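Keeping their order, the protein sequence lines are chains A and F. Sequential numbering from 31 applies to the first sequence in the working numbering. Sequential numbering from 69 applies to the second sequence in the working numbering.
Treat each hint with caution, since some may be false.
[As the list claims (entries may be wrong)] Coverage of chain F stretches by chain A, computed from C-beta distances (three or more under 8 Å per stretch; other residues unrestricted): (1) 154 to 163; (2) 186 to 199; (3) 375 to 385.
[Unchecked claim] Okay, the calculated beta carbon distance ranges per label pair: (4) F:Glu381 <-> A:Thr53: 21 to 29 Å; (5) F:Leu75 <-> A:Gly73: 40 to 48 Å; (6) F:Phe373 <-> A:Leu334: 55 to 63 Å; (7) F:Asp356 <-> A:Pro274: 58 to 66 Å; (8) F:Arg250 <-> A:Phe64: 55 to 63 Å.
If you are wondering where the hints come from, they were derived from the structure by calculation, not from laboratory data. Treat the numbers as computed from the prediction; the structure is a model and nothing was measured. We put the beta carbon where it would ideally sit given N, CA and C, even for glycine.
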Amino acid sequence: MRTITYAQGIKEALVEEMRRDPTVILYGEDVANFGGIFRITSGLKEEFGEERVFDTPISENAFVGAGVGAALTGLRPVVELQFADFLFTAGDEIVLKAGMWRYGHGGAYRIPLVVRCPSGAAGVGPEHGQCPEAFFMHAPGLKIVSPSNPADAKGLLKAAIRDNNPVLYFEHKLLYAAKGEVPEDPDYVVPLGKAAVVRPGDALTLVAISAMVPKALAVADRLAKEGHHIEVIDPRSLCPFDRPAIVESVKKTGKIVVAEESYRTLGVGAEIGALLMEQALEYLDRPLRRVAIPDVPVPTAAVLEKFVIPSEEKIYQACRELLS
Amino acid sequence: MDRNLKLQIYRNMILSRRLEERIAELIKAGQVGGFMHPGVGQEALQCAAIAALRRDDYMLYAHRGVAYWVARGIPLEKVLCDLAGREGGTNRGKGGVMRVVYPELGVLGESGTLGGCFPIATGAGLSIKVKGGDQAVLCFFGDGTSNRGTFHESMNLCAVRKLPVVFLCENNGWAVSMPTERSTAVKDIADRAKGYAVPGKVVDGNDPEQVFAAVSEALQRARTGGGPSLVEAKTYRLWGHWIGDPESYRSREEVEKQWRRDPIPIYEANLAKEGVLNDSLRSEADADARTKIDRAIEFMQKQPFPKPESALEDVFA
Chain A
31 MRTITYAQGI KEALVEEMRR DPTVILYGED VANFGGIFRI TSGLKEEFGE
81 ERVFDTPISE NAFVGAGVGA ALTGLRPVVE LQFADFLFTA GDEIVLKAGM
131 WRYGHGGAYR IPLVVRCPSG AAGVGPEHGQ CPEAFFMHAP GLKIVSPSNP
181 ADAKGLLKAA IRDNNPVLYF EHKLLYAAKG EVPEDPDYVV PLGKAAVVRP
231 GDALTLVAIS AMVPKALAVA DRLAKEGHHI EVIDPRSLCP FDRPAIVESV
281 KKTGKIVVAE ESYRTLGVGA EIGALLMEQA LEYLDRPLRR VAIPDVPVPT
331 AAVLEKFVIP SEEKIYQACR ELLS
Chain F
69 MDRNLKLQIY RNMILSRRLE ERIAELIKAG QVGGFMHPGV GQEALQCAAI
119 AALRRDDYML YAHRGVAYWV ARGIPLEKVL CDLAGREGGT NRGKGGVMRV
169 VYPELGVLGE SGTLGGCFPI ATGAGLSIKV KGGDQAVLCF FGDGTSNRGT
219 FHESMNLCAV RKLPVVFLCE NNGWAVSMPT ERSTAVKDIA DRAKGYAVPG
269 KVVDGNDPEQ VFAAVSEALQ RARTGGGPSL VEAKTYRLWG HWIGDPESYR
319 SREEVEKQWR RDPIPIYEAN LAKEGVLNDS LRSEADADAR TKIDRAIEFM
369 QKQPFPKPES ALEDVFA
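Please construct the entire structure, taking both the sequences and the accompanying hints into account.
Take a look at the structure:
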């Protein structure tokens, strides 16, 4: 199989879906003429024309809400936010409109909208460096995906575009250059709501999200050398959330660490903790451990950022603690 | 405007007024919930603007009144079932009377947050343009709502992309207890159109014919690639913000003076002068409205409440 980057996976998904379906459009700040500040969408305007690929003014409320309006009236918009943090700028349009318009109107409409959200700490500070998935897991009506590798980046984006519901698609900035094997089949999709066991094992369950997955795999290698074969689970979708995959793994391992780039309080790990209390308490032989940001904004300076973002070492230490 | 169109607008104004009076009675009697914002006094502009739409156009209505639904032809019994939170309405009890929706007639629904309508209308306009159609979008909003940032963002986005959206401001002088002159720096909301290089026009919102002409012109411009327009219809909120509003923030004299501008008797007099309306047509319109409302209420009262567990449905498609 050929190897491409995460960024190329995203672009391939966009191009293939736009070729397949003329109702798919793409817009956002600097996406058309410039090709996006992360260079994902270069050449798309040339292929699909200025009506289907265009630049918007700096107006997140209007253009995200317009995505909802366009979805209500027969298009499948893919809206790019320059940074995932700007979801809060467009909070009404994301939570109250994309998430609730269908419900509030008794299911009269469907909302096939994808919002692309470049996420993650990358030396860019509090308002450009967050992984805010957990905020939106709390909001009904939104599907959420966070791919950790090129194949999932492509397959989940294609599934998101084909889905008839609003999907927040979190693409981690530090993963854009990551390489991996990706199928060329134009109908290769990764179903939403299905976790991947990226490395099977039985000593401990390590749930890792987005950019935490490569770190988790490195930890798994290190522990394997020490004789501990841990299982690494990548949820891939946070809504729908593949709860059975996690519960089943914990029934086998009895130990769990969750590594995420969210804030610790009410993060994804907190939800997993509650899930296990409800469904697998008797299988846990050690308490759950969360490796997350310690409830501070993401600082800008490298030394500070490195201190708060879960590192391979911190994940390793959390696992070691449970394995000892 | 031909005679039939004038009579159609007049009948819709009467039906809206009678319906609102009956809804107020139902709310006061505790027979239905009260999350209803009356539009008494604003029926002329609402009925006339909607009369200018084509069947395949889209519309987003505002919080105030029933005339939008009446004028668009949504069956009254459905509106009443939504109000009462019963089966048989348009939104299965999920959105109340605030979210009456009717896809067959391009009624996209309502934003619960004021100003949430603007981006949605922009998106509907975007859809029309991408698909190459010649429909238009009519977006109603109040003077107070024109102060939301979404108004600015959406007007500008529609203007730069030449989207076929008509923004229709119902300036009724009040945002709950806040008079327009205290909330809004410009005297005419229509002046704001200059900031987006689009046409802005002020009309007497209590004169249906002025509103019809201005909205028709704006729709025509939208259909032919001219982009958005802003129309401001000056009117007045004759009733309180909600049924039971003590209205301690405005004087009785002010309201009494405005009742003399009530669009219904004024239009009746004008139509009579033109020979379009006579006593028998007038009583017929009134009787017809009452019969329709009686039937709709009877239907509504027989409808069951939704199954409680249906609260779990309609989140995802």
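Among all the numbered hints in the text so far, which are the ones the structure does not match?
5, 8
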